[in-house]
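**Student:** Here are the chains, one letter per residue:
Number of protein chains: 4
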Amino acid sequence: MSFIEVNHNKAYYEVHGEGETSLVILNGIMMSSASWQPFMGMLSKQFKVVLLDFYDQGKSEYLETTYTQDLQVELVKELLTALDLKQVTLMGISYGGEVAMKFAVKYQQMLSKLVLANTTAYTNQQLKAIGDSWIYSAKTYDGKQFFKATIPPIYSSEFYESRVAWLDAREKLFDKVFDEKWYEGFIRLVISAETHDVRDQINVINIPTLIIGADEDIITPLSCQEQIHQEIKNSRFVVIKHCGHASMYEKPIEFFSTVMGFVTVGHEHFVI
Amino acid sequence: MSFIEVNHNKAYYEVHGEGETSLVILNGIMMSSASWQPFMGMLSKQFKVVLLDFYDQGKSEYLETTYTQDLQVELVKELLTALDLKQVTLMGISYGGEVAMKFAVKYQQMLSKLVLANTTAYTNQQLKAIGDSWIYSAKTYDGKQFFKATIPPIYSSEFYESRVAWLDAREKLFDKVFDEKWYEGFIRLVISAETHDVRDQINVINIPTLIIGADEDIITPLSCQEQIHQEIKNSRFVVIKHCGHASMYEKPIEFFSTVMGFVTVGHEHFVI
Amino acid sequence: MSFIEVNHNKAYYEVHGEGETSLVILNGIMMSSASWQPFMGMLSKQFKVVLLDFYDQGKSEYLETTYTQDLQVELVKELLTALDLKQVTLMGISYGGEVAMKFAVKYQQMLSKLVLANTTAYTNQQLKAIGDSWIYSAKTYDGKQFFKATIPPIYSSEFYESRVAWLDAREKLFDKVFDEKWYEGFIRLVISAETHDVRDQINVINIPTLIIGADEDIITPLSCQEQIHQEIKNSRFVVIKHCGHASMYEKPIEFFSTVMGFVTVGHEHFVI
Amino acid sequence: MSFIEVNHNKAYYEVHGEGETSLVILNGIMMSSASWQPFMGMLSKQFKVVLLDFYDQGKSEYLETTYTQDLQVELVKELLTALDLKQVTLMGISYGGEVAMKFAVKYQQMLSKLVLANTTAYTNQQLKAIGDSWIYSAKTYDGKQFFKATIPPIYSSEFYESRVAWLDAREKLFDKVFDEKWYEGFIRLVISAETHDVRDQINVINIPTLIIGADEDIITPLSCQEQIHQEIKNSRFVVIKHCGHASMYEKPIEFFSTVMGFVTVGHEHFVI
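Same order as they appear, the protein sequences are chains A, B, C and D. Letter by letter, the first sequence follows residues 1 to 272 in the numbering used here. Letter by letter, the second sequence follows residues 1 to 272 in the numbering used here. Letter by letter, the third sequence follows residues 1 to 272 in the numbering used here. Letter by letter, the fourth sequence follows residues 1 to 272 in the numbering used here.
One chain only, chain A, in its complex shape:
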């Protein structure tokens, strides 16, 4: 169990593998380092993988007051410094992608590449309303209510159609695992993303950047990734088909093929 302490607040992280290339992964809002375990065998063969639980997430500390994503940005920076990691590939999905963009705007000299999956440069009014509905249901501390308010739009219709039993089991799980402290942490995480808006800032990013979207993502639809693509010069944009917001869960082969290939591939200018 490894922790890093910033301003007296402890955050949990894991390091897997011995590869020369470091891949630092930032979670979506309802995820934790545990969410990536199924893929660690595969990833750690090739990379040194760093997983991190944001504050109010997984095994990291619950905070007592609200904050913005800048706090998570500083946490990432302290972790990379503490581990003496330079020129890492930083990958973030959803909330993690938002933090990754903010990190790249401020500290891109620490990065060699950036991967942004199912994320957005701006918490628009609709996403804010969705966040509000998540907060409202979290305040009931009722896992069933929370599941119903958050999960149905997360996945693609194909996934829902084929995974009904898994989703039912998941609903029962929600009812058991989350306690009041978790819900309160979740609410603070949602609030920390409400003011997210880096639309006018990400044009400074000039490291190789891969943008992954999913055609049935309705939390951060393709128009959100297109906006990022327009702002970040020379960014690469691929779309996973028949896939919802939790792309790395729904289509892990497609997701990790693209990510692992992107981290590995040279970025010389091809003269064709």
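It cannot be assumed that every hint is accurate.
The list makes no distinction among identical chains, and a pair is therefore deemed to hold if it is satisfied within one copy or across any two copies.
[Claimed, not checked] In silico DSS-like cross-links for lysine-lysine, where the CA-CA straight-line distance does not exceed 30 Å:
#, residue 1, residue 2
1, K176, K128
2, K176, K233
3, K77, K48
4, K144, K128
5, K139, K176
6, K172, K77
Note that these hints are calculated values from the structure, not bench results. Model, not experiment: these values are computed from the prediction.
Once you've looked at the hints, dock chains B, C and D against the given chain A.
**Tutor:** Leaving out everything else, chains B, C and D in the frame of chain A:
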């Protein structure tokens, strides 16, 4: 105040205009005949328009037990018979489109044309899960909770971005207007749609059919309308851009242009 | 046979119907007033329809030197003035849409509504290259060559799949009907569109505007219509599904439903 | 210079790199082994890469009579056998993807993975018409004519907009490099693809398969890859954005990231 009584249950309807062509409109699940009032001036100049509140909707009677959409189909049939309307254009949006398809499968000889907007031939597992979440929140009898659980995914992001004040007012309105009886009626309506599946039946429909989809509809996405289009021979399929599920509210000009033109246009075979 | 003479050059036009509302239609580059005849019965019941052959098109005069689309704009203006038509709906498809936009930028006080189908605000490099290939093949004066160079990408794959015999007949027809003068006229028309670029001008248009796109249009893809939609405030944007560039030929019901509804519909501000 | 001889016809191939994993690449119709040279440095670090010129392509022999793609399938089989390659990843783009599908239907035991880029299971009527237009222009033996007939729809509009000078140079190059023998070979290649239809056969493929599409591919649009995806069970489908038919030229980073990741990634069943 006009009512029709079927099996001792009263349903409310309105007739507007004197046109030779009749347009019968079936509501979405959260709508009522009142929802169409802003457009009655325009529509009644050209058509005889019939509005109907389904059972458990608007001014129609609340029922006491659950039922399937077949009950609503029979209600429509009784109404057309009572008004002695023949060869009408039947238009349904969302839930109303589901009933309209079932009606056309059974009684297409009563119709001259069919318009299906933002609807689906099948309540898939994801839509069922969304319905479950609506039921769950309706059971709280809490307007704010209900609003947050149902409204954010209904509209397009553009609409949300530009209509924040209107949406806030709407949220306050929800909190006032709905009572326990309404919520219980709403729950029965949702349940009546849970078993909806006419995928194997609609291929019998062979009257001129217009299908309207919206590119940001995430309740019944374009793939749902494509499926209907593939099944109904010679059906016409148009898409309103930058528009969510409640297309006639978000983009009334686009919506009614297409509908009014389709009702008016001849359907001779054009020799080009 | 009606002609209007501008600067000693005669252009052919037709007037159909007696409706109070005037609909003036501008052709695509390979079309002529004859192309619209299959639809005149339907349209003339409701509207006074004006068809016009641009210079170098149909029964209008062949010119002797190259020109820009501005010449066609002035032709339209002279025709409307001569016919004493005020507040008309101007509809243009493809090349005709380009002229329609230029007309609206300069003379929108003469228009009540604008319909732009399968057109673009800008002849981009790819469209210019396509135009060059058309010119190159026109210079062979070989109908078969010309057909093969221009027609395959015009239609949707569905249309091609279902209309092979019609397309074969069409190829034979091309070989017979076009003479050297026609090809030279066609080349001048293509050249007149090469410098088309009203991207920075159409934001002055503030009459009700309908934009029609087709999802399989590869001459002026949806991104072209989206660009127009972003520039013309309050423009309405609908898409015909499974349809190529010649939308009014491939999907006449969808096309004319939308157009006729749009011309008819009121444009009051709906208070919803 | 390595050649393999099948039935007295010699075909050219190259082997690059020493990797344990073999990647065999099949060309598009206008390509040759030379087309992949810019990427060999990158690919050969990780894989043993085999390039092959089909008959009538590059340095391979020109044939004297027409044939079907089955001939190319047998050529690939003889090459793999001669090189004693087992369990290779076979990747084909466009025409090469068509041959790759036919190969996989017949000899999938020789493959470990399959990559299909910008290809189709069926030469539909439109694609056949496009092929006819290519043949017609090839018969002129005029490089400029040929360029204009084939190239403009190959690339995305973004590529065309940004690479005008390169495209102009390319047009001049075409005029010099191709001789009558090349054009006749090209015509035979087009004819060999005219009868391509494996729609009912590819459902036997059950090796890990990656399908790459491009959103602006108008030669083999996304609907073609979707069709392949529906037929090949568990196939993976990703789309490169703002990209035309020659995806590996337009977006090499996106293309090779996805391919290299897919070849590397494990295909265990992830238990999430």
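**Student:** Report the numbers of all earlier hints that the structure fails to satisfy, in ascending order.
**Tutor:** 2 and 6
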